[in-house]
Amino acid sequence: MKQLMLGNKAVARGLYEAGVCFISSYPGTPSTEITEEAAKYDEIYCEWAPNEKVAMESAFGACLAGKRAFCGMKHVGLNVAADPLFTMSYTGVNAGLVIGVADDAGMHSSQNEQDSRHHAIAAKVPMLEPSDSAEAKEFAALAFELSEKYDTPVLLKMCTRVSHSQSVVEPGERTVPSKEYEKDIAKYVMMPGFAKKRHPIVEERTKALIEYAESAPVNRVEMGATELGIITDSTSYQYVKEVFGDSVSVLKLGMTNPLPVKLIKSFAEAVDRLVVVEELDPIIENHVRTLGIPVEGKNILPMIDEFSQSIVAKALGKEVPEGYSIEDAIPGRPPVMCAGCPHRGLFYTLKKNKCTVLGDIGCYTLGAVQPLAAIEMTLCMGASIGATHGFNKILGQKSEGKTVAVIGDSTFMHSGMTGLANVAYNQSNSTVIILDNSITGMTGHQQNPTTGYNIKGDPAGKIDLEALCRAMGFNRVRVVDPYNLKECDAVLKEELAAAEPSVIISRRPCALLKYVKHKAPLFVDTDKCIGCKSCMRIGCPAISIKDGKARVDATLCVGCGVCSQLCPTDSFKSSADK
Amino acid sequence: MKSGNIMIVGVGGQGSLLASKLLGHLLLSQGYDVKVSEVHGMSQRGGSVVTYVRYGEKVYSPVIDKGEADFIVSFELLEAARWLPFLKKDGQIVTNTQQIDPMPVITGAAVYPENLVEKMQKSGAKVDALDCLQLAEKAGSAKAVNLVLLGRLSHYFDLPEQAWMTSIEAIVPAKFQEMNKKAFDLGKAAS
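Residue numbers (the numbering used here), protein chains in the order written: chain A, -9 to 568; chain B, 16 to 206.
In case anyone wonders, no lab produced these hints; they're calculated from the structure.
This structure is a prediction, so every number in the text was calculated from the model and none was measured.
The C-beta atom is built at its ideal place from N, Cα and C for all residues, glycine as well.
Misleading hints may appear alongside valid ones.
Computed, partial: chain A to chain B, Cβ under 10 Å [claimed, not checked]:
#1 Val158
#2 Glu160
#3 Arg164
#4 Ala303
#5 Ser315
#6 Pro321
#7 Gln360
#8 Cys519
#9 Ile520
#10 Cys522
#11 Ser524
#12 Pro531
#13 Ile535
#14 Leu546
Simulated pairs of lysine-lysine, DSSO-like, Cα-Cα distance not exceeding 30 Å [as the list claims (entries may be wrong)]:
#15 A:Lys504 <-> B:Lys134
#16 A:Lys504 <-> B:Lys137
#17 B:Lys153 <-> B:Lys73
#18 A:Lys539 <-> B:Lys197
#19 A:Lys304 <-> B:Lys137
#20 B:Lys17 <-> A:Lys504
#21 B:Lys137 <-> A:Lys568
#22 B:Lys17 <-> A:Lys(-8)
#23 B:Lys190 <-> A:Lys304
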């Protein structure tokens, strides 16, 4: 029966129908729901791996063993997993192997807007790009056919608007193909002698895939008037059709690596004006240009941000509608740390101590926004620790006593451990703070190796952070409760002053976790409140100033009590004591 | 066959995803092609969130652009004003009158504009504003604001009451159905 399905859920359905038996992924917006939805099928073994590289290697092992396997990640995750990807291109697969990668043009929840199509070209692996949920399901299954037919891993490229849009899908049946594992040293051991023999196979495979691309059903010509011909892919196709319907000619590319040659040439010959409409980088456009075909694209369309029908319409000379407006400036509403967020007390302490904070990727990156504005650098997963090490090595005593790395529990497991090993090994006098909120928060509460539960919520192995840090050689490992400002302040001062590297674990579960019991909300005794705004320094969304006095929104407040520790007049009272 | 664009706007955590899910189900059940586009991840953390619901014989783009929305359903007053430029000429705003201060207002860096309903009406927009929080609490839970808003929205749709009820039954967990139906009715009956 037809149903509305999120793009990511449709991928999961496609994986199920294609007989996938193994999925290992690391969460990352906008890719996360692929694996979360797949985990609802009992027939598929699913797991969260510590990072994308481990996920991809695990999926490779599973395909080697003879079952179709998948791993999912966001665009920047593919950088982490690029190492196995580039060489899996040489080894090929046994049973099919598909890698789902979700780009985030517009950076709704990302640190950059890199274009994953570059990875497909660089690693010489085919890439499929669905434009809606129905194609997401269909292409997921096709990716496995191509993987096995051409003996290659296949990239299934999603993007925010395909991943997080619901459209109509018709579910089908599951069939499970499988293969036997056979020892084949020359194929699977990539040392120079064997790799040299595999590289020509990769180049021949690309030629065969180009031949496939020339007539692949996913590369579709929709002829309309011939004054304008548009080559497009992914969600851009939808904007083109929204603007022009069937009135212009469109070459929709469902496979964007390798790109066809003859198909593009014949399409170009059939139209008067050729334009490529693609988000981010001019990948198709550059390909068309190398074929010697005059083409437009990034001369009229932006290389920055996601597209929409208006952007495409304006670029191609069509009028766009106007809406209403009022004169008032509308204040922005940036995302903020939630009321009761355990990161708040810790960031307040860091700000109070005028620390230089090198940050990392997670909810706590919000520690960079006003009024806390404590974080001074965020780069990629795990970078806080490496950067702090380098920073301290150069500035020495000038920075050691006030510089800290802050990194979440999941991010630490992802790629913070190796940075910490470097601090332990090369001995910078660095202070590393692990913000352990017992979950992977920003992507919507996924388990990780420190939580003690697996993707299904069943008990699993649990890595002891204190023991791990001690085993790496840290003599100073402290645990603090970020709701206790006095304790945080004292421990931070001690560890910054210590003459050796140290780890502080700031431990309290995310306030949004269902099992977390909240205290009664606080209220302000307006007779006592002097309106000094000390409580406003922590940027809690539950506190505001009304008529010169602090006020607590009881629907948001979870009674964490961090604000009351800042109040000089003891004005915050628990509504439980009313 | 008719087509339409509905934007659901609000503050992260207010429950707009259930509203879009319900609308998606309803419109699909009426034989339309439907696309619903959501926001996940960082923007959800108390930030301004928007969901697009589009329906018609064939829907291509999953997003709604400036001047294209037939309806803006807003969970919060400032958010209705923020997305006003997306309203189509003669489009309709259905908004909760609840005000939630964003962080720049809380810290004093910006002010929450006054009389937004009147100002939006003065711009020429049709605005249907009601205190959904009060009605939701009357129905049994502050969380039922989304059903109050949908009840109000149902005024403007030529769809049988039963179709809405069937979708509520399909989307809302059983134990909350009575309360949510009551919220829907209160929103629908409000004037």
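Cross-check of the supplied hints:
Interface restraint check: A:Val158 against chain B, minimum CB-CB distance 6 Å, threshold 10 Å, status holds. Among the interface hints, the one on A:Glu160 is violated; its C-beta lies about 12 Å from the nearest C-beta in chain B, farther than the 10 Å criterion. Violation of the interface hint for A:Arg164 is found here, the shortest Cβ-Cβ separation to chain B being roughly 24 Å, above the 10 Å cut-off. Interface hint at A:Ala303: satisfied, since its Cβ lies 9 Å from the closest Cβ of chain B, which is below the 10 Å cut-off.
About 5 Å separates the beta-carbon of A:Ser315 from the nearest beta-carbon of chain B, less than 10 Å, and the hint is met. Of the supplied interface hints, the one on A:Pro321 holds, with its beta-carbon coming within about 4 Å of a beta-carbon of chain B, less than 10 Å. This hint holds: A:Gln360 has a C-beta 6 Å from the nearest C-beta of chain B, less than the 10 Å allowed. With a least beta-carbon distance of about 16 Å to chain B, the hint placing A:Cys519 at the interface is violated under the 10 Å criterion.
A cut of 10 Å between beta carbons decides the hint on A:Ile520: the least distance to chain B is about 17 Å, and the hint is violated. Contact between A:Cys522 and chain B, as hinted, is not supported at the beta carbon level, the nearest pair being about 13 Å apart and thus beyond 10 Å. Because the beta carbon of A:Ser524 sits about 13 Å from the nearest beta carbon in chain B, more than 10 Å, this interface hint is broken. A cut of 10 Å between beta carbons decides the hint on A:Pro531: the least distance to chain B is about 5 Å, and the hint holds.
With its C-beta approaching chain B no nearer than about 7 Å, A:Ile535 sits inside the 10 Å limit, and its interface hint holds. The interface hint given for A:Leu546 is met, as the beta carbon of that residue sits about 9 Å from the closest beta carbon of chain B, less than 10 Å. Under the criterion of a C-alpha separation no larger than 30 Å, the hint pairing A:Lys504 with B:Lys134 is inconsistent with the structure, at around 41 Å. Of the pairs offered as hints, the one joining A:Lys504 and B:Lys137 is violated, with about 44 Å between alpha carbons and a cut-off of 30 Å exceeded.
The straight-line distance between the Cα atoms of B:Lys153 and B:Lys73 is roughly 39 Å, outside the 30 Å bound, and the hint therefore fails. For the suggested pair A:Lys539 and B:Lys197, the alpha carbons sit about 37 Å apart, so the restraint of at most 30 Å is broken. Only pairs whose Cα atoms come within 30 Å are accepted, and A:Lys304 paired with B:Lys137 is accepted, the gap being roughly 29 Å. A distance of roughly 42 Å separates the Cα atoms of B:Lys17 and A:Lys504; the hinted pair therefore is violated under the 30 Å criterion.
Distance restraint check for B:Lys137 and A:Lys568: the Cα-Cα separation of roughly 45 Å exceeds the 30 Å cut-off, and the hinted pair is therefore not satisfied. Note on B:Lys17 and A:Lys(-8): the hinted pairing holds, with a Cα-Cα distance of about 20 Å set against a maximum of 30 Å. A hinted pair counts as satisfied when its Cα atoms are at most 30 Å apart, and B:Lys190 with A:Lys304 does not qualify at roughly 49 Å.
Hint compliance for this structure: hints 2, 3, 8, 9, 10, 11, 15, 16, 17, 18, 20, 21 and 23 are not met, and every other hint is.
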